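There are 2 protein chains.
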Amino acid sequence: MSASQDTVYQATCTAPVNIAVVKYWGKRDTSLILPTNSSLSVTLSQDHLRSLTTARCITSSTSTSTSPRDRLWLNGDEEDINEGGRTARCLAEMRSLRQKIEADNSSLPKLSSHPLHIASENNFPTAAGLASSASGLSALIATLARLYDLEAHGVSQSDLSRIARQGSGSACRSMFGGYVAWEQGERADGADSVAVEVAPASHWPDLHALILVVSDKKKGTPSTAGMQRTVATSALLQHRIKHVVPERMDRISRAIRERDFDQFALETMADSNQFHAVCLDTVPPIFYLNDVSRAVIQLVTELNRASGRAVAAYTYDAGPNAVLYVQEKDVKLVLDVVLQYFPQSAASFPDPFATGVAPTGSKERVAGLDGFNAKVIPQHDEGAVARVIHTKVGDGPRTLDSATDGLLDAEGLPKSLAK
Amino acid sequence: MSASQDTVYQATCTAPVNIAVVKYWGKRDTSLILPTNSSLSVTLSQDHLRSLTTARCITSSTSTSTSPRDRLWLNGDEEDINEGGRTARCLAEMRSLRQKIEADNSSLPKLSSHPLHIASENNFPTAAGLASSASGLSALIATLARLYDLEAHGVSQSDLSRIARQGSGSACRSMFGGYVAWEQGERADGADSVAVEVAPASHWPDLHALILVVSDKKKGTPSTAGMQRTVATSALLQHRIKHVVPERMDRISRAIRERDFDQFALETMADSNQFHAVCLDTVPPIFYLNDVSRAVIQLVTELNRASGRAVAAYTYDAGPNAVLYVQEKDVKLVLDVVLQYFPQSAASFPDPFATGVAPTGSKERVAGLDGFNAKVIPQHDEGAVARVIHTKVGDGPRTLDSATDGLLDAEGLPKSLAK
Numbered sequence: 001m002s003a004s005q006d007t008v009y010q011a012t013c014t015a016p017v018n019i020a021v022v023k024y025w026g027k028r029d030t031s032l033i034l035p036t037n038s039s040l041s042v043t044l045s046q047d048h049l050r051s052l053t054t055a056r057c058i059t060s061s062t063s064t065s066t067s068p069r070d071r072l073w074l075n076g077d078e079e080d081i082n083e084g085g086r087t088a089r090c091l092a093e094m095r096s097l098r099q100k101i102e103a104d105n106s107s108l109p110k111l112s113s114h115p116l117h118i119a120s121e122n123n124f125p126t127a128a129g130l131a132s133s134a135s136g137l138s139a140l141i142a143t144l145a146r147l148y149d150l151e152a153h154g155v156s157q158s159d160l161s162r163i164a165r166q167g168s169g170s171a172c173r174s175m176f177g178g179y180v181a182w183e184q185g186e187r188a189d190g191a192d193s194v195a196v197e198v199a200p201a202s203h204w205p206d207l208h209a210l211i212l213v214v215s216d217k218k219k220g221t222p223s224t225a226g227m228q229r230t231v232a233t234s235a236l237l238q239h240r241i242k243h244v245v246p247e248r249m250d251r252i253s254r255a256i257r258e259r260d261f262d263q264f265a266l267e268t269m270a271d272s273n274q275f276h277a278v279c280l281d282t283v284p285p286i287f288y289l290n291d292v293s294r295a296v297i298q299l300v301t302e303l304n305r306a307s308g309r310a311v312a313a314y315t316y317d318a319g320p321n322a323v324l325y326v327q328e329k330d331v332k333l334v335l336d337v338v339l340q341y342f343p344q345s346a347a348s349f350p351d352p353f354a355t356g357v358a359p360t361g362s363k364e365r366v367a368g369l370d371g372f373n374a375k376v377i378p379q380h381d382e383g384a385v386a387r388v389i390h391t392k393v394g395d396g397p398r399t400l401d402s403a404t405d406g407l408l409d410a411e412g413l414p415k416s417l418a419k
Numbered sequence: 001m002s003a004s005q006d007t008v009y010q011a012t013c014t015a016p017v018n019i020a021v022v023k024y025w026g027k028r029d030t031s032l033i034l035p036t037n038s039s040l041s042v043t044l045s046q047d048h049l050r051s052l053t054t055a056r057c058i059t060s061s062t063s064t065s066t067s068p069r070d071r072l073w074l075n076g077d078e079e080d081i082n083e084g085g086r087t088a089r090c091l092a093e094m095r096s097l098r099q100k101i102e103a104d105n106s107s108l109p110k111l112s113s114h115p116l117h118i119a120s121e122n123n124f125p126t127a128a129g130l131a132s133s134a135s136g137l138s139a140l141i142a143t144l145a146r147l148y149d150l151e152a153h154g155v156s157q158s159d160l161s162r163i164a165r166q167g168s169g170s171a172c173r174s175m176f177g178g179y180v181a182w183e184q185g186e187r188a189d190g191a192d193s194v195a196v197e198v199a200p201a202s203h204w205p206d207l208h209a210l211i212l213v214v215s216d217k218k219k220g221t222p223s224t225a226g227m228q229r230t231v232a233t234s235a236l237l238q239h240r241i242k243h244v245v246p247e248r249m250d251r252i253s254r255a256i257r258e259r260d261f262d263q264f265a266l267e268t269m270a271d272s273n274q275f276h277a278v279c280l281d282t283v284p285p286i287f288y289l290n291d292v293s294r295a296v297i298q299l300v301t302e303l304n305r306a307s308g309r310a311v312a313a314y315t316y317d318a319g320p321n322a323v324l325y326v327q328e329k330d331v332k333l334v335l336d337v338v339l340q341y342f343p344q345s346a347a348s349f350p351d352p353f354a355t356g357v358a359p360t361g362s363k364e365r366v367a368g369l370d371g372f373n374a375k376v377i378p379q380h381d382e383g384a385v386a387r388v389i390h391t392k393v394g395d396g397p398r399t400l401d402s403a404t405d406g407l408l409d410a411e412g413l414p415k416s417l418a419k
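The listed protein sequences correspond, in order, to chains A and B.
Take the first sequence: its letter number 370 is residue 370 in our numbering, and every next letter is one higher.
Take the second sequence: its letter number 134 is residue 134 in our numbering, and every next letter is one higher.
Don't read these hints as lab results, they were simulated from the structure.
Each hint should be verified, as a subset may be incorrect.
[Claimed, not checked] Derived Cβ-Cβ restraints for the label pairs, each shown as a range: (1) SER202/A <-> THR233/B: 31 to 37 Å; (2) GLY220/A <-> ALA306/B: 53 to 59 Å; (3) ASP250/A <-> ASP381/B: 45 to 51 Å.
[Claimed, not checked] Listed below are the simulated DSS-like cross-link pairs for lysine-lysine, each with C-alpha atoms no more than 27 Å apart in a straight line: (4) LYS219/B <-> LYS242/A; (5) LYS100/B <-> LYS27/A; (6) LYS27/B <-> LYS219/A; (7) LYS363/A <-> LYS219/B; (8) LYS219/B <-> LYS27/B; (9) LYS332/B <-> LYS363/B; (10) LYS27/B <-> LYS242/A; (11) LYS219/A <-> LYS363/B.
[What the hints assert, rightly or not] Which chain B residues stay away from chain A? Per the calculated CB distances, all over 12 Å, these: (12) PRO284; (13) PRO285; (14) ASN290; (15) SER362.
These numbers come from a predicted model, not from an experiment.
Heads up, the beta-carbon is just placed ideally off N, CA and C, and yes, glycines get one too.
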């Protein structure tokens with residue numbers, strides 16, 4: 001795809017979304033993004049949700065520009081790379097790693113000296129209500145690591161997660177597939193605040209995720225501002241940090257290693273609720289759950305109760321969307337119950353796993369649930385849950401072929417601009 | 001009103017509703033109703049909300065019944081007095097106090113030996129969503145204390161509150177007017193778990209209360225069951241009990257003594273939020289606030305922010321209704337803002353204080369609030385807040401004239417039955 005006969009240095013990677021089951025809420029260092037507690041997440045499949053990034057070194061032979069500089073396009077729109085901002089910091093950290101390698105290996109091309117053109121796209125709409133910063137920053141770091149060939153020179157995924165963390169805290173967890181812990185660390189410089197793999201996706205591959213996209217009329221408190229307000233004002237947060245999360249990290253890690261869904265579900269739901277509890281304990285209080293979120297919780301609670309075991313585990317981030325973790329064997333049942341109470345149009349319920357479940361659920365299957373209280377919540381109108389996204393646990397960042405999948409054209413500009 | 005020439009022993013009292021500003025949530029002894037933390041409430045005026053109770057000793061001369069026994073009518077319907085139940089326990093405790101006095105004063109009539117007929121009515125509909133058990137049990141105890149002439153024989157209001165507590169925990173606080181603490185106590189027998197007056201209503205008389213009655217489609221978790229689930233499962237509750245409430249009791253008592261509304265409001269709102277936070281931290285979680293409750297919180301938060309001081313303090317019990325505490329000087333402003341966003345019909349907004357505020361608020365006054373973000377919440381449809389009740393801090397139980405205000409007729413049966 002190079003316009004000249006010279007080598008084009010570029011790389012293209014995708015990175016996944018992750019959804020925490022032990023929540024990150026609170027920074028002990030807002031500049032370095034060092035958290036007040038460890039957290040743990042499940043990485044979701046890039047087959048369905050991903051950020052895609054291409055980065056290219058702009059050398060004299062690959063650019064006609066007279067004053068090349070770092071440039072960034074997000075979903076086709078150019079964004080400023082503010083000096084001292086998070087993206088600039090990530091670029092500087094990655095260049096610095098490359099520079100050290102170049103200094104030790106004089107035969108390597110001096111890629112760190114060239115400006116970068118970076119284009120990135122998410123395949124999920126903002127309206128899906130999924131935080132795109134984690135997958136986006138993770139894709140940026142994965143792509144630059146590939147461009148600079150860092151892995152071959154001894155830079156680990158955890159090292160990279162340390163840099164991704166500085167771009168967007170939870171991005172560090174998207175540097176791994178499967179089940180990922182972000183260890184809070186103790187050092188002031190954040191060197192030990194990194195992501196580590198608890199278990200790969202292949203260890204427990206049948207964990208599915210149903211994302212129930214719930215619209216909210218009112219925009220919630222941005223998480224960056226919200227979490228620091230909680231740190232400043234919630235007495236309960238301190239108890240959570242010191243006395244609840246450490247034990248929970250141990251228990252849920254064990255549950256993952258033992259594929260113990262009951263325990264995994266119990267910890268996941270309790271942690272989500274406690275996260276929202278400390279938000280409510282904030283001055284002034286922060287609300288992310290609305291009446292639809294609450295109805296989903298009550299529905300899952302009743303479904304689990306009637307089943308005598310956990311068939312679904314809900315979790316909520318800084319917004320009203322529910323993410324339900326479900327084992328493969330229970331996906332049909334859970335989908336039927338959810339779609340019965342929150343009916344969809346076919347468009348809002350694509351069925352990538354070909355479950356065959358109808359967008360309005362199956363009354364028969366729900367009725368067959370002995371002891372299930374059908375009146376636990378009212379049946380909602382279509383649109384209360386705007387969309388259902390069905391995905392599952394997945395792997396970490398992937399490398400693609402820039403020639404076929406890359407986002408930059410021969411001129412080093414986004415292909416999308418040419419359209 | 002006696003049917004014979006013999007003395008009729010009867011008494012009629014009213015008792016008030018109280019709304020906690022430091023919440024009671026959790027029992028350390030469910031039988032004696034001993035709480036896990038102290039609480040504090042404001043007693044509301046009986047001019048607007050009250051329970052009215054008449055109790056009469058059924059002597060041979062006042063009854064034609066061949067087998068007189070304790071009987072109880074609530075709002076005109078006879079209720080069983082279950083043996084071993086809370087009402088029976090309260091009757092036994094009150095009789096026991098009277099018996100001691102009779103034993104020491106042989107000239108006194110042996111009232112403790114007679115069965116009782118008791119009729120009680122609330123002047124607020126169940127639909128108002130106000131807990132009637134506090135005022136109801138308090139009225140029962142106040143009426144029996146008057147009937148048995150206990151006060152003249154050295155029984156204090158705090159002694160009586162100890163008995164009311166065993167009928168319904170928060171009833172103990174309705175034995176006093178004004179600002180009332182329920183001290184949790186330490187003794188296993190509950191002797192020191194009593195209500196005490198922090199300040200009488202006359203100390204800070206201009207505190208008004210606006211009760212915004214919010215309907216909820218779904219019946220919430222009953223508080224008796226809910227609080228014990230929180231005790232059993234919430235890690236945050238223990239922190240609240242040990243490290244938050246004791247200091248808050250001190251601070252809010254001081255705020256009341258100093259009539260410091262800013263501090264009073266801060267503690268009131270924080271405690272309400274923390275109470276609902278520990279409900280959310282319960283397994284499975286307990287929700288009492290709904291989207292309308294949440295909107296009221298956001299409206300009050302914005303109103304206080306724009307005003308640069310606390311003009312209103314919200315608090316929520318085990319349901320979606322908001323109670324706003326407001327100083328007299330701010331009542332018009334707060335009503336205007338509330339009614340602007342939650343318009344009422346005239347029927348749902350009676351105006352006992354003749355404020356002259358329209359049921360739909362005054363756009364002018366709201367617009368005159370510099371810096372107030374009018375878009376903080378959407379303007380709701382009539383009915384989102386079903387009714388607004390306007391009242392204020394008030395005194396403790398009152399004694400009425402049984403002849404004119406009593407609920408029992410000459411036969412000792414509820415007058416309402418004769419209608």
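Comparing the hints with the structure gives:
1. The hinted window of 31 to 37 Å between SER202/A and THR233/B holds, with their beta carbons roughly 34 Å apart.
2. Remark: the range hint 53 to 59 Å for GLY220/A to ALA306/B is contradicted by a beta-carbon distance near 20 Å.
3. For the pair ASP250/A and ASP381/B, the beta carbons lie near 49 Å from each other, so the given range of 45 to 51 Å is met.
4. Taking the CA atoms of LYS219/B and LYS242/A, the gap is about 35 Å. The hint is violated against a cut of 27 Å.
5. A distance of roughly 63 Å separates the Cα atoms of LYS100/B and LYS27/A; the hinted pair therefore is violated under the 27 Å criterion.
6. For a cut-off of 27 Å, the pair hint linking LYS27/B to LYS219/A is broken: about 38 Å separates their Cα positions.
7. A distance of roughly 25 Å separates the Cα atoms of LYS363/A and LYS219/B; the hinted pair therefore holds under the 27 Å criterion.
8. Proximity of LYS219/B to LYS27/B is assessed by CA-CA distance (about 22 Å); at most 27 Å being required, the pair is judged to hold.
9. Between LYS332/B and LYS363/B, the direct Cα distance comes to roughly 12 Å. Compliance with the 27 Å bound is thereby established for this hinted pair.
10. Straight-line distance between C-alpha atoms of LYS27/B and LYS242/A comes to about 26 Å, which keeps the hinted pair within the 27 Å bound.
11. Only pairs whose Cα atoms come within 27 Å are accepted, and LYS219/A paired with LYS363/B is accepted, the gap being roughly 25 Å.
12. The beta carbon of PRO284/B is not kept farther than 12 Å from every beta carbon of chain A, the shortest such distance being approximately 4 Å.
13. At the 12 Å boundary, the C-beta of PRO285/B falls inside the reach of chain A, the nearest C-beta of that chain being 5 Å off.
14. Separation of ASN290/B from chain A is inadequate, the least Cβ-Cβ distance of about 6 Å not exceeding the 12 Å criterion.
15. Consistency note on SER362/B: stated as away from chain A, and its beta-carbon is indeed over 12 Å from all of that chain's, at 24 Å minimum.
In this structure, the hints that do not hold are numbers 2, 4, 5, 6, 12, 13, 14, in rising order.
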